[in-house]
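Asks: Each chain, letter by letter, is given below.
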Amino acid sequence: MDTSATYFDGQAAAAHTVTVETTQSGLAFVLPSGTEISWPYNDLRLIDKPDIYGRFVLTSLSQREARLSISDDTWLAFLDTRAPDLRSNDVRARARGLWVIATATLVVSAAVAVVLLVPGLSIVIGRAIPPSWVEQIGEDVVAQFAAGERWCTGTGGTNAVAQMVRPLEEAGSPDFHLIVRVLDSDAINAFAAPGGRIVIFRGLIDAAESADEVAGVLAHEIAHVIHRHPTEATIRVLGSWIFFRAVLGDSAGSAGTLLIAFAHSRENEVQADRTALTLLRETGIGSQGMAAFFERLTDVEVESGADRIPSFLTTHPPTGERLRAIEAARVQPTTVRPALTAAEWKDLKAICDV
Amino acid sequence: MSDQAAAIDERAPFSFVGDMGPLFGLVVVNALLTIVTLGIYRFWARTRVRRFLWRNMRLLGEPFEYSGVGSELFVGFLIVVFIVLLPLGIVNALAQFLIQGDVGAILFNMAYYLVILFLIGVGLYRARRYRLTRTTWRGIRANQTGAGKQYAIRYVGYTILQGITLGWFTPAKNVRLWDFRLANTWFGNARFKYARGGEGLYRTFAICWFLLIPTLGISFLWYKARELRTLTAKTSYEKTQFELDVTAGRLAWLVIPNALITIFTVGLGAPFAQWRTARFLAIYLRARGTPDFSAIEQDLRARPQFGEGLADGFNLGGV
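Protein sequence lines, in the order shown, are assigned to chains A and B. The numbers in my numbering rise by one with no breaks, and the one at position 67 of the first sequence is 67. The numbers in my numbering rise by one with no breaks, and the one at position 304 of the second sequence is 304.
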């Protein structure tokens, strides 16, 4: 069986037309210069699959840079029966195993560093940053959230907020002076930003049936400030964002960052709930308002199906879980007093009225 | 019979024989694997697409060969992540905290973008070196000499001049960078040559510059076609002269659909754009001359072990 082929010797770019013969042990051909070349079947390697015209290119382990270009692809079927390693890719640059293992180790250790070290580092860095900077960051965060919304500044309501905050702040004595504001937004929500900034959404005040319920949520946010959670979370998210974006690129990097943010925020919520209960006991407000509020939120979640979201994907533990924890830890103060007087509560409800 | 001094005078010495079908399967599998691996597979995906494009491109009937492997790109990228991107990200984040005042922030940003621009220049040049050293035709390898930082210094300087002159430096920049790249491009033991000049471009550029706003930027395609024709016509290799038969219309039909394909597939369809570019080159790139193939010997220069980390880190694209 003979075929015409083009041979390139791998030393110069000249083409040599040769007639290739199959022998017992391999392929044999004679160059125009008279040089005889034989490539054993065991050494044959296919450079690329045949193209649409059936042209394919061979090389040999004994002459790695030489090429034999054959246009008859029935030959390929024949060579497949004779050359056992024809389709092995061992002539390509080897994936340098050591390098791949070394860098994989590097990546894994860096990822571990981000998951295990960044939380610790964020605490250290958080304490090293001057308070005035933290407050500035907090203002920026609040401004971003409040973009396009109105701050509620009713005089009576503002006084009521101050009345509610003062005993809780005295009981907890956070590192930052608290600045609590109400945002004219329908969302049932509240959050603490770095630097003692706390924002309560009007929707939450509307949804509450008593001042004690609002006080429960406020105590929870103040507890976050006491534990410096907002500052640490900001540093942690920023740190992991730098890392993941560099390694994974934009979109996947953001997903990785979110996972880290979520993972730690759940521990923080549980810690904040515990501290909030202590604050509520010390101020004589008690935890029944907080419990009642979470109970109603649980009903809403069950109705809307939100309780079926896997708990590791939410920043807050399911309210049902939190409710059970609150009720289990229920310690009532000896003398219970309402968080606000009836008149103050009425003022707070009307804080956003213009 | 050996074609020791074969004349290249065919009308189309290049041909591209790759069909869209096999590429489609490749792109779908690549996209799925890239998503599943959070993007890490992209280096192997890119390698498979290149192997497809290279082996289907032929010169004088012989296919090109792409000999790179995915792990070279992966390791190249990791090295850049740890010695360039992470430090850069940390410096930038720290600066946001530490630099107070507008003047400080502006000065920092200028320095920061200058560094990025320089690294982009290095990245583009080194990525080109990697691709050339992984390109083989008739068993002979290509290569690129010249230091990345030399190219990057020019790249940064020319880009700044381009901005200061409201774009009027563009022809000079493109001619000079093309000259630098070509004079450092080797196939085997012989290098490409660029005949100096290209000043004639300025007449076309002036007309197109003034028409830029009335034509909503389309006049730039007219200039770009003229520039590509001129640069290619002044390029030679071993007594072989090149010619790119491109017009503004042909260029528009190449780059506008390519941009749309890439945008609407969020980059996953970029191989189709590359496929169209390969076909475009096979049709319009001509060569004429009598190279002495037996005198073109194997390239024995050093080749980089890993590749394209910087280019990938800055999303510089390319094939």
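Keep in mind that the hints were calculated from the coordinates and are not lab data. A portion of the hints provided could be inaccurate.
[Stated by the list, open to error] In the EDC-like style, the derived pairs of lysine to aspartate or glutamate whose C-alpha atoms are separated by at most 16 Å in a straight line are:
1) K49/A <-> E297/B
2) K224/B <-> E243/B
3) K49/A <-> D2/A
4) K224/B <-> E238/B
5) K49/A <-> D73/A
6) K49/A <-> E199/B
Please read all numbers here as calculations on a predicted model, not as lab measurements.
Asks: Among the hints numbered above, which are violated by the structure, and what are their numbers in rising order?
Replies: 1, 3, 4 and 6
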